[in-house]
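2 protein chains.
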Amino acid sequence: MELIKNLQWRYAVKKYSDESVSENKIDQIIEAINLSASSCGIQPYRLMVITNPAIRQKLAEGSFNAQIHASSHLLVFAAFNTITSGYIADYVAMMEEQRNLESGALNALKDTLTPYFSGQTAQQTAIWSSKQAYIGLGTALIAAAELKVDATPMEGFNPELFDEVLGLSEKNLHASVILSLGYRDTDNDYLASLPKVRLPISEFSKKID
Amino acid sequence: MELIKNLQWRYAVKKYSDESVSENKIDQIIEAINLSASSCGIQPYRLMVITNPAIRQKLAEGSFNAQIHASSHLLVFAAFNTITSGYIADYVAMMEEQRNLESGALNALKDTLTPYFSGQTAQQTAIWSSKQAYIGLGTALIAAAELKVDATPMEGFNPELFDEVLGLSEKNLHASVILSLGYRDTDNDYLASLPKVRLPISEFSKKID
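For the record, the sequence lines run as chains A and B. In this text, residue positions in the first sequence follow my numbering: the first is 1, and each later residue adds one. In this text, residue positions in the second sequence follow my numbering: the first is 1, and each later residue adds one.
Do not take every clue at face value.
Remember, identical chains collapse to one label, so a pair may be satisfied in a single copy or spanning two.
With a straight-line Cα cutoff of 20 angstroms, these simulated PhoX-like cross-link-like pairs (lysine-lysine) come out [to be verified]:
no. : residue 1 : residue 2
1   : K207      : K171
2   : K207      : K25
3   : K25       : K148
4   : K5        : K148
5   : K58       : K206
6   : K171      : K25
7   : K196      : K110
8   : K14       : K196
9   : K171      : K148
10  : K171      : K206
11  : K110      : K14
12  : K15       : K148
13  : K196      : K15
14  : K58       : K207
15  : K196      : K5
16  : K196      : K148
17  : K206      : K25
18  : K14       : K148
Hints were generated in silico from the structure; no laboratory data involved. Predicted, not measured: the structure shown is a model, and the values here were computed from it.
Only chain A is shown next, with the shape it has when bound in the complex (with noise of 0.2 angstroms):
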């Protein structure tokens, strides 16, 4: 299986050359990563792709992951710290629109998902969004391979900067994990020539028949 081979061939890059991803591949990695499948579908979190070197720079202040700055572009999944009614709203009325149906026509999904999300305790709606935005990582992961792109993904970065310096309080946001994309350095990563790590199936996984 092609998921199997590029799974195998990616690695948590230490180490990235100065070579930029086209704009080409990043959107493509971006459009994969908005196809990921959401709970209730409603995409719980955004995406900033961030190239500005002076930016990277204040968001790479103290973490002790390099790739924040030193790679070609870094993804920030930024998840909602809440679902309000109207985010939950307009969702439902783009999803009346793409598929075509009149408007109200969805009332019923609105009128379950409102209660439901404002019930919930604000960090309970942000590991929730938060969760939902690994999916889009874990897409993230594999789009970037498939197109032989390098990727680290990190959780070693400071939040409370991130949501700072990116403004996502104010969009109601925080950073939820990150991804730096670019080209391995083969020749300075101690990690790119090491087999890769990987539980035996039998401990990792059980059938009951």
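Following the hints, put chain B in place on chain A, whose structure we already have.
The following block gives chain B in isolation, referenced to the frame of chain A:
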């Protein structure tokens, strides 16, 4: 890109046909999930692959998702509740072995990870490990789509019931998210013919150059 075509093909199936997915395809999907990235690379979740009808009937009790029992296979992503020093020691020993390193060569990694995880609350670790499982879920959806196997990711299940029926708690695991696999019943699934709904790229993502 193959991936984008596969993502456009898939949807969250509501009604499955009676056709079973071959074990060969299931094994490829499991292998792909096992190859997914995880934070610190330590794969803090396990996968249960369930076909047993009596167990699936029990798991479906009280859920609005009939796909829990009415599909070919059910995958349960079970995330660790805590990351013990023993788990880290075993995993690091496996890393050394798979990378042909001397025993003890990765002691520094072990000595970084152990206090990091012992300093987390059980809730923090459970959320963290669950997020890693969602990366695996993203992979699973793509693996299934490449094999033209249909799938339904689900959060609408009773996690306590799953933990009890599958004996997860005693393995230090909890049910994080589940995925049914099978083949769409095109004639009887209202969703099969509806267009996929997604945000415009300009609303989903923002480039900061």
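Each hint tested on the structure:
In the homo-oligomer, the alpha carbons of K207 and K171 lie at most 20 angstroms apart only across protomers (16 angstroms), although the nearest pairing inside one protomer, at 44 angstroms, exceeds that limit. In the homo-oligomer, the alpha carbons of K207 and K25 lie at most 20 angstroms apart only across protomers (14 angstroms), although the nearest pairing inside one protomer, at 38 angstroms, exceeds that limit. Taking identical chains as interchangeable, the C-alpha atoms of K25 and K148 lie at most 20 angstroms apart only when both belong to the same chain, with a minimum of 10 angstroms there against 25 angstroms between chains. For the identical chains of this complex, K5 and K148 are neighbours both inside a copy (11 angstroms) and across copies (17 angstroms), given an alpha-carbon limit of 20 angstroms.
Proximity of K58 to K206 under the C-alpha cut-off of 20 angstroms is restricted to the inter-copy arrangement: shortest distance 18 angstroms between copies versus 45 angstroms within a copy. When the C-alpha separation of K171 and K25 is checked against a cutoff of 20 angstroms, the pair qualifies neither within a copy, at 27 angstroms, nor between copies, at 42 angstroms. In the homo-oligomer, the alpha carbons of K196 and K110 lie at most 20 angstroms apart only across protomers (18 angstroms), although the nearest pairing inside one protomer, at 45 angstroms, exceeds that limit. Taking the closest pair of Cα atoms, K14 and K196 come within 20 angstroms of each other only inside a single copy of the chain (14 angstroms); across copies the shortest separation is 37 angstroms, beyond that limit.
For a Cα distance limit of 20 angstroms, the shortest separation of K171 from K148 qualifies neither inside one copy, at 33 angstroms, nor across copies, at 38 angstroms. For the homomeric pair K171 and K206, the shortest alpha-carbon distance between copies (13 angstroms) is at most 20 angstroms, but the shortest distance inside one copy (42 angstroms) is not. In this assembly of identical chains, K110 and K14 lie within 20 angstroms of each other by CA distance solely across copies; the values are 19 angstroms between and 44 angstroms within a copy. Taking the shortest Cα distances, K15 and K148 sit within 20 angstroms of each other inside one copy (16 angstroms), while across copies they are farther apart (36 angstroms).
When the C-alpha separation of K196 and K15 is checked against a cutoff of 20 angstroms, the pair qualifies only within one copy, where the shortest distance is 17 angstroms, while the shortest distance between copies is 38 angstroms. For the identical chains of this complex, K58 and K207 are inter-copy neighbours only, at 17 angstroms across copies versus 47 angstroms inside a copy, given an alpha-carbon limit of 20 angstroms. For a Cα distance limit of 20 angstroms, the shortest separation of K196 from K5 inside one copy, 12 angstroms, qualifies, whereas the shortest one across copies, 28 angstroms, does not. Taking the closest pair of Cα atoms, K196 and K148 come within 20 angstroms of each other only inside a single copy of the chain (17 angstroms); across copies the shortest separation is 27 angstroms, beyond that limit.
Within a single copy, K206 and K25 get their C-alpha atoms only as close as 37 angstroms, which misses the 20 angstroms cut-off; across copies the closest is 15 angstroms, which meets it. Taking the closest pair of Cα atoms, K14 and K148 come within 20 angstroms of each other only inside a single copy of the chain (16 angstroms); across copies the shortest separation is 35 angstroms, beyond that limit.
The structure shown violates the earlier hints numbered 6, 9.
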